[in-house]
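Trainee: What follows is each chain in one-letter form.
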Amino acid sequence: MDPTRKTFKSLSGIEIKELYTPADLADHDYDNDLGLPGQFPFTRGVYRTMYRGRLWTMRQFAGFGTAQETNERYRYLLERGNTGLSVAFDMPTLMGYDSDHPRAKGEVGKCGVAIDSLADMETLFRDIPLDQVSVSMTINGPAIVLFAMYLAVAEKQGVDFSSLRGTLQNDILKEYIAQKEWICPPAPSLKLIVDTIRFCVESAPRYHPISISGYHIREAGSTAVQELAFTLYDGLTYVQAAVEAGLKVDDFAPRLSFFFNAHNDFFEEVAKYRAARRLWAREMDKRYRPAKPASLALRFHAQTAGCALTAQQPYNNIVRVTLQALAAVLGGAQSLHTNSLDETLALPTENAVKIALRTQQIIAHESGVINTVDPLGGSYYVESLTGRLEAEARAYFDKLDEMGGMVRAIELGFPQREIQQAALRYQKEVEAKERIIVGVNAFTESQDDSVPILKIGPATERRQVKALRERKRKRDAKKLGRALAELARAAERNEYLMPPILEAVRREATVGEICDILRKVYGEYRETVSL
Amino acid sequence: MKTADHKLRVLVGKVGLDGHDRGVKIVAQALRDAGVEVIYLGIHNTPEEVVSAALQEDVDAIGLSIHSAAHVTLFRDVLRLLKKNRAHKIVVFGGGIVPRADMRALKKMGVKKIFPPGTPLEEIVSFVRSIQPRHADIEA
Chain A
1 MDPTRKTFKS LSGIEIKELY TPADLADHDY DNDLGLPGQF PFTRGVYRTM
51 YRGRLWTMRQ FAGFGTAQET NERYRYLLER GNTGLSVAFD MPTLMGYDSD
101 HPRAKGEVGK CGVAIDSLAD METLFRDIPL DQVSVSMTIN GPAIVLFAMY
151 LAVAEKQGVD FSSLRGTLQN DILKEYIAQK EWICPPAPSL KLIVDTIRFC
201 VESAPRYHPI SISGYHIREA GSTAVQELAF TLYDGLTYVQ AAVEAGLKVD
251 DFAPRLSFFF NAHNDFFEEV AKYRAARRLW AREMDKRYRP AKPASLALRF
301 HAQTAGCALT AQQPYNNIVR VTLQALAAVL GGAQSLHTNS LDETLALPTE
351 NAVKIALRTQ QIIAHESGVI NTVDPLGGSY YVESLTGRLE AEARAYFDKL
401 DEMGGMVRAI ELGFPQREIQ QAALRYQKEV EAKERIIVGV NAFTESQDDS
451 VPILKIGPAT ERRQVKALRE RKRKRDAKKL GRALAELARA AERNEYLMPP
501 ILEAVRREAT VGEICDILRK VYGEYRETVS L
Chain L
1001 MKTADHKLRV LVGKVGLDGH DRGVKIVAQA LRDAGVEVIY LGIHNTPEEV
1051 VSAALQEDVD AIGLSIHSAA HVTLFRDVLR LLKKNRAHKI VVFGGGIVPR
1101 ADMRALKKMG VKKIFPPGTP LEEIVSFVRS IQPRHADIEA
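Protein chains in written order, with the working numbering: chain A, 1 to 531; chain L, 1001 to 1140.
The hints are simulated quantities; they were obtained by calculation from the structure and are not laboratory data.
Mixed in with the good hints there might be a few duds.
What follows is a list of derived Cβ distance ranges for each label pair [said to hold, decoys possible]:
id : chain 1 : residue 1 : chain 2 : residue 2 : range
1  : A       : Asp250    : L       : Gly1035   : 52 to 62 Å
2  : A       : Thr7      : L       : Ser1126   : 28 to 38 Å
3  : L       : Ser1126   : A       : Gly368    : 31 to 41 Å
Being a predicted model, the structure only gives us computed values, none of them experimental.
C-beta: ideal position from N, C-alpha, C; glycine also.
Pulled out of the complex, with its shape left as it was, chain A reads as follows (with noise of 0.2 Å):
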């Protein structure tokens, strides 16, 4: 390390002092700050127990290739302790498209499983009771037509819908602000996923209608306070979307989930977590004055940071994805991914996922950290950063309200500028070795060590296409016919369209169909280009 290095800084750029003492929590209040576990604001975690009365859920998202090679991959992973299921839809599939469309061409399989109709959701699921997994989905411009699929897999599986547990990521504001897979523009697509959640206030209420993500605004290049903001602040606007739509905040408000980044800065990411929880008590409470405690609530998965893994030196990915997961843990998620060591080559192989899933199971298992609650609770340090974060945050939540709302401050780029400035920022500390990075701009290898990779060929898209044209011959065209205008007639009037939806995919009609009319009726969403 540098002897003359003068300020040190956390990895969004925070300047770290070199000691934290009670002086720096001297505006502290233990029972307005943290309060106890379970309690509003819910800083020390969402439950009285945590870990001691449940684990977090180990759900390792996968999908490659067909719906057969995916759930093939699914009971590898519960037979080896995987506790949940987290789908990776193909690139077609997120954008709306069937495999035999044009832009399909190459990429059916690629970086997750082709879904195109009902059979294929029916095979994903083959010998996976849904009454007994739970199963998060994601996918965001389509996510009401995916939900449907599951809905009617759930039917032929004889599972009544309120049983059903899982979570749909369903969240098309960081789409337009980092992750940039979608169909429609802002408003039908707000629409769309209060349509959803009005599904599962009615008849699913033990699922998740939507995720409300983080993890995609950081791997885009934001900051931690950046990701925190945003995806609050997102959070905030379906909240006030279902509330305009007549839904009534108690109904639903506990049955919305987030998703964050697990990233390298340890104390940072700990932070952030106990900050959004914080947070997100306090502006719910304030803005909203719902009376349960559940709908101050924030539950959360945590996937460690795809952007953090290095091609150079892969196995010392391991540590990293180590490092990141502890945080998560710390920061007391309720679900978590941990990356593979391969992934910044392929998808991963059997054998790295495994790693990746053991390293979970040690964490909770040998390493101690789930016997107490919130661990790192009233070390002046985490504390303080805690209070910063939220702080930065709500700087931001001001800025927002100022430009009338976020669905406003995406139309002017805000949130996108905003992201990719920290972005280069970052890059340009790296280019400088500001920041170091083991194997990739200090103690790196002349030849870094090959790792198998697990490989996806042609042949997937061939036999999909195939499979699709065939499905599509064998089905009652009538019956679809019928389906399909009654959904374009209820689209056109801007009708409530879970049912139509579930209607037209029991009838075998396939995500680009049901797409096609949604992207007829409500528009296609157009980004436009800033560098």
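Following the hints, position chain L against chain A.
Mentor: The following block gives chain L in isolation, referenced to the frame of chain A:
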């Protein structure tokens, strides 16, 4: 051949359906800062859209970013369309999540260079600067 007077024109963007544009924007910015004329194409482009923009903008090189593992198909289509339009002298390079074996395949196909994650910007900038502008000899 003198190239100093001719400003190098490079088309930079993403091909295919993935929207991971953090890297490509940083590269575009770095090239612009280094005095290269950058035409930034944005995300979600088909190979046809890439090639048509390259011809219209009369560029010397095309830099494409892909994180969706569709690189082999999409680069092959871009190269084929360039050839079809007698524009195969346009240098094609790229970056993203590409396994080593595929890097070799892409090189063989005619992709000049693939930059993996963690590549210093300096390396990309100096590669682009070493490209000879296609019209330099005519204009000199």
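Trainee: Now look at each hint and say whether the structure bears it out.
Mentor: Evaluation of the provided hints:
A beta carbon spacing of about 59 Å between aspartate 250(A) and glycine 1035(L) agrees with the range 52 to 62 Å that was offered as a hint. One distance hint, 28 to 38 Å for the beta-carbon pair threonine 7(A) and serine 1126(L), holds here, with the actual separation near 31 Å. In this structure the hint that serine 1126(L) and glycine 368(A) lie 31 to 41 Å apart at CB is violated, the actual value being about 50 Å.
Going down the numbered hints, you'll see the structure goes against just number 3.
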